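Asker: Line order of the protein sequences matches chains U and H.
Counting in our numbering, the first sequence runs from 567 upward without gaps.
Counting in our numbering, the second sequence runs from 12 upward without gaps.
Errors might be hidden in some of the hints.
As the list claims (entries may be wrong) - Covered stretches of chain U, going by a simulated chain H footprint (3 or more residues, C-beta under 8 Å): (1) 1222 to 1230; (2) 1242 to 1250.
To be verified - Simulated crosslink set (BS3-like; lysine-lysine; CA at most 30 Å straight-line): (3) Lys1220/U x Lys52/H; (4) Lys1227/U x Lys91/H; (5) Lys156/H x Lys91/H; (6) Lys578/U x Lys881/U; (7) Lys1227/U x Lys144/H; (8) Lys1227/U x Lys47/H; (9) Lys1133/U x Lys47/H; (10) Lys1133/U x Lys91/H; (11) Lys144/H x Lys52/H; (12) Lys52/H x Lys1227/U; (13) Lys881/U x Lys965/U; (14) Lys47/H x Lys1220/U.
Just so you know, the hints here were simulated from the structure itself, not pulled from any lab data.
None of these values were measured; they are calculated from a predicted model.
Heads up, the beta-carbon is just placed ideally off N, CA and C, and yes, glycines get one too.
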Amino acid sequence: MTLDLEMEEIIKVFFEESFEGLDAMESGLLTLDATADRETINTIFRAAHSIKGGAGTFGFMEIAEFTHSVETLLDEMRNGQRAVSADAVQVLLQSVDVIREMTQSAQAKQPIVTVGADALSGELARILAQKGPIAAAPAAAGTAAAPPPVVAAGTAPPKPVPQAPINVALDSISGWRIEFVPDPTLFKTCNDPLRIFAELAGLGRLEVTAHVEQLPLLQALDPSHCYLSWSLVLHAAVEHSRIIEVFDWVETVSKISYEPVYVGPKPGESSAAGAGAVPVAPARPAPLAESAAAPVVTPAKAGSDAGSIRVATEKVDALINLVGELVITQSMLGRFAEKYDPEDLESLRRGLIQLARNTRELQESVMQIRMLPIGFSFNRFPRLVHDLSRKLGKKVELKLCGENTELDKTVLEKIGDPLVHLVRNALDHGMELPEKRLAAGKSETGTLELNAFHEGGSIIIEVKDDGAGLNKARILGKARERGLIEPDAQLTDDQIYNLIFVAGFSTADQVSDLSGRGVGMDVVRRNINDLGGTVQIFSSEGVGSTIRIRLPLTLAILEGQVLRVGKEIYVASLVSIIETVQPTREHLSSVAGRSELFKHRDSYLPIIRLHDLFDIEPDSRDISKGLLVVVESDGRRVSVLVDELLAQQQVVIKSLETNFKHVPGLAGATIHGDGTVALILDIPGLISNFLERQSGRIELAA
Amino acid sequence: MSMDIKPAGVAQAASGTEQYLSFLLGGEEYGVDIQKVQEIKGWDTVTRVPYSPPYVLGVINLRGSIVPVIDLRLRFGLEKVPHDATTVIIVVHVPGDRGERTVGMVVDAVADVYDVAGANILPPPEALGAVEKVFVRGLANQDGKMLILIDVDGLVISSVVGESQAAA
Chain U
567 MTLDLEMEEI
577 IKVFFEESFE
587 GLDAMESGLL
597 TLDATADRET
607 INTIFRAAHS
617 IKGGAGTFGF
627 MEIAEFTHSV
637 ETLLDEMRNG
647 QRAVSADAVQ
657 VLLQSVDVIR
667 EMTQSAQAKQ
677 PIVTVGADAL
687 SGELARILAQ
697 KGPIAAAPAA
707 AGTAAAPPPV
717 VAAGTAPPKP
727 VPQAPINVAL
737 DSISGWRIEF
747 VPDPTLFKTC
757 NDPLRIFAEL
767 AGLGRLEVTA
777 HVEQLPLLQA
787 LDPSHCYLSW
797 SLVLHAAVEH
807 SRIIEVFDWV
817 ETVSKISYEP
827 VYVGPKPGES
837 SAAGAGAVPV
847 APARPAPLAE
857 SAAAPVVTPA
867 KAGSDAGSIR
877 VATEKVDALI
887 NLVGELVITQ
897 SMLGRFAEKY
907 DPEDLESLRR
917 GLIQLARNTR
927 ELQESVMQIR
937 MLPIGFSFNR
947 FPRLVHDLSR
957 KLGKKVELKL
967 CGENTELDKT
977 VLEKIGDPLV
987 HLVRNALDHG
997 MELPEKRLAA
1007 GKSETGTLEL
1017 NAFHEGGSII
1027 IEVKDDGAGL
1037 NKARILGKAR
1047 ERGLIEPDAQ
1057 LTDDQIYNLI
1067 FVAGFSTADQ
1077 VSDLSGRGVG
1087 MDVVRRNIND
1097 LGGTVQIFSS
1107 EGVGSTIRIR
1117 LPLTLAILEG
1127 QVLRVGKEIY
1137 VASLVSIIET
1147 VQPTREHLSS
1157 VAGRSELFKH
1167 RDSYLPIIRL
1177 HDLFDIEPDS
1187 RDISKGLLVV
1197 VESDGRRVSV
1207 LVDELLAQQQ
1217 VVIKSLETNF
1227 KHVPGLAGAT
1237 IHGDGTVALI
1247 LDIPGLISNF
1257 LERQSGRIEL
1267 AA
Chain H
12 MSMDIKPAGV
22 AQAASGTEQY
32 LSFLLGGEEY
42 GVDIQKVQEI
52 KGWDTVTRVP
62 YSPPYVLGVI
72 NLRGSIVPVI
82 DLRLRFGLEK
92 VPHDATTVII
102 VVHVPGDRGE
112 RTVGMVVDAV
122 ADVYDVAGAN
132 ILPPPEALGA
142 VEKVFVRGLA
152 NQDGKMLILI
162 DVDGLVISSV
172 VGESQAAA
């Protein structure tokens, strides 16, 4: 039972490390395009090797087998036996995706779908065959593209090439004869031959003969040295790959040879026995055909690993320090309870101030733990931009800035998809084709910049391209065509740009699979609004556009303004409040006797009566007796009628949905110092709901 | 004050019998599956939530969680009684969108804990109105009294989330 649990833990670590390894492979492969740097190839190879080893150990054979062929290709590149070609890199990148998919299935405890792997295995085999050590495999079409071999700088000592599986018909053999001659350093690499033998014995009856000839006299014996070698006979008709897996970890520090033991005479056409076998993907047993028939793509839910978080040790240390201080403060305060002397009042007060400081610092530190660098989200873009620009035939250089800017884990997870949308849009619509760029007098290669930085209590993320910019005339034309605006409406630039956030709006002439369906920008804005953020567009025709996202640093704490309406208390986010005014009658007017407007500086703002909206008995229904809070979201302003403004304070946001449900106009709840609950207003939601209901009645006064 | 009535290692009732916590509501005795009950607590300040039906009184702060409270009297269409220090809230767990949902139910008083044998549970009578039928799991005859066993999940989810979503 406990063993199972321990195993679960270990497997969890394997998955975590595999995904990290895959990310490392991906980023490595992306830099491999231009210059084949040996260290980079090594990094990629090592990641693949660990994934293969781990997968084999934990019985994810599909992953291990597929990764093995990837590793073979990488190994040849590493040893300088093969040039790094764009073709191979592309296949390797796809392989990373396939391994990731398979690993995700394994993590979700779902059957591993091998359709992608099967398809790519063929590709890998083709590339391997293009300049294999022995060109025994039928050379597939496309050999013309074979890259010229590159002589690796600084010849490395020839490493043993990982053993490729020998293909034999299982019914023709009775077992395997294995010669295992480990390097004397075997023990130092933490490998135990006994474990290997035990694992082999698990496959069938095993005969082990140890060769002790090398053993020195006892005086000369170094116990950390391995002097032994073994001859093994395994009486089990198993796939060669099964045995290779067992030796996986010692493969690089030993000489191992395998020979099938045939039933009856050795078949003459045994094409690929012994070393230097044809590097082909191992044949797959038939039963898997069933899973191939149902190529269900089952992406593991992104939320599956949302539960854990990796925290830098110094953050935890800081926390421990603070808790230490808190304990000291607590014991100091505890003294006063034992024997109270009025003269101690001053030190009691000091102690309480210290407690308040400790608490605040502790809170900040705990919040810090939830903060992760945005690099986690930016990491996917080099690959995305690489793939997309290739597909679109555009030349794009991606620049990432401020990857270390930290933001809350929840915000980080939810901002990923909107960013992908924006980057795709920038590449598809914004960036021009190389010829067009040259014709416009720009450099052939466009620049896409992702930039993150802190500003006040917010984090700003910018997606900036030096492409064509937004075409105002076309946006206006489309908007008129779809009846989104009046034919003769005069709009400011900002209003025109904001049209692209309207659902169903797209100016793409052609609907591509990237963008142009008009779903997207409205979703982007909604997602960002859900996070309490806003989007702004800056654009200049022919020069490029910048999309600026402003997000709160955290979703857990809010700088709040406490409001009172009648007997009820609400909290509004201070960020969305422009100002609060005591209205005078001359600033109030109404349209059609129904919609109320408030003249704020040069514009008329609709008035939301919070007491009507939430059905509260207010102090007074007379607007001039209350206060109007001017709030803004996405450039839209309204004024909200309340009875009184109370304190401004930081409040901890609690979910209303966990135990209850989403309530329109509310963003959550918080707990006051006295233990009662106050509800938090969802200002963007309030504004859009209100304006949507009103839009039938009045034209929005801009 | 609250009292935890689900100590570790509740003696599993003999097979075929289930334990029910009973409470009073307008002179009738109702039973709720004790496994669903987290705790019983006294009256607390409830914050009204806009757009809620009258029987959803609002939300309370239960040790840092925001927990909705429903008034079973109002839910069952009984006469409203003022809430005071003697009002009792039974806090139950029901399945939610994300794991469990914690909800408080205001009742007149908590009465007893019964072992009810499955064989003693009768299906709800045909004569019940449509509203009651949804919440009544069955009737049990316990020591000569009738105990109305309620379906907490159905009752609470329909009250808190709304009828349409509860049916889905």
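Asker: Against each hint, give a clear statement of whether it holds in the structure.
Answerer: Okay, the hints, checked on the actual structure:
1. A count of 8 residues in the segment 1222 to 1230 of chain U with a Cβ less than 8 Å from any Cβ of chain H is obtained; the coverage claim is therefore met, three being the minimum.
2. Note: the segment 1242 to 1250 of chain U has 4 residues with beta-carbon separation from chain H under 8 Å; the three-residue rule is met and the coverage holds.
3. As the CA atoms of Lys1220/U and Lys52/H are separated by approximately 21 Å, the hinted pair is consistent with the 30 Å bound.
4. For the hint linking Lys1227/U to Lys91/H, the alpha-carbon distance of about 25 Å falls within 30 Å, and the restraint holds.
5. Between Lys156/H and Lys91/H the CA atoms are separated by roughly 25 Å; this keeps the pair inside 30 Å, and the hint holds.
6. Distance hint between Lys578/U and Lys881/U is fulfilled; the C-alpha atoms sit about 23 Å from each other, no more than 30 Å.
7. Between Lys1227/U and Lys144/H, the direct Cα distance comes to roughly 25 Å. Compliance with the 30 Å bound is thereby established for this hinted pair.
8. Between Lys1227/U and Lys47/H, the direct Cα distance comes to roughly 20 Å. Compliance with the 30 Å bound is thereby established for this hinted pair.
9. Pair hint Lys1133/U plus Lys47/H does not hold up; C-alpha atoms about 34 Å apart against a cutoff of 30 Å.
10. This hinted pair checks out: Lys1133/U and Lys91/H have alpha carbons roughly 21 Å apart, not beyond 30 Å.
11. For the suggested pair Lys144/H and Lys52/H, the alpha carbons sit about 28 Å apart, so the restraint of at most 30 Å is met.
12. Straight-line distance between C-alpha atoms of Lys52/H and Lys1227/U comes to about 22 Å, which keeps the hinted pair within the 30 Å bound.
13. Between Lys881/U and Lys965/U the CA atoms are separated by roughly 29 Å; this keeps the pair inside 30 Å, and the hint holds.
14. Between Lys47/H and Lys1220/U the CA atoms are separated by roughly 24 Å; this keeps the pair inside 30 Å, and the hint holds.
Consistency with the previously given hints fails for number 9 only.
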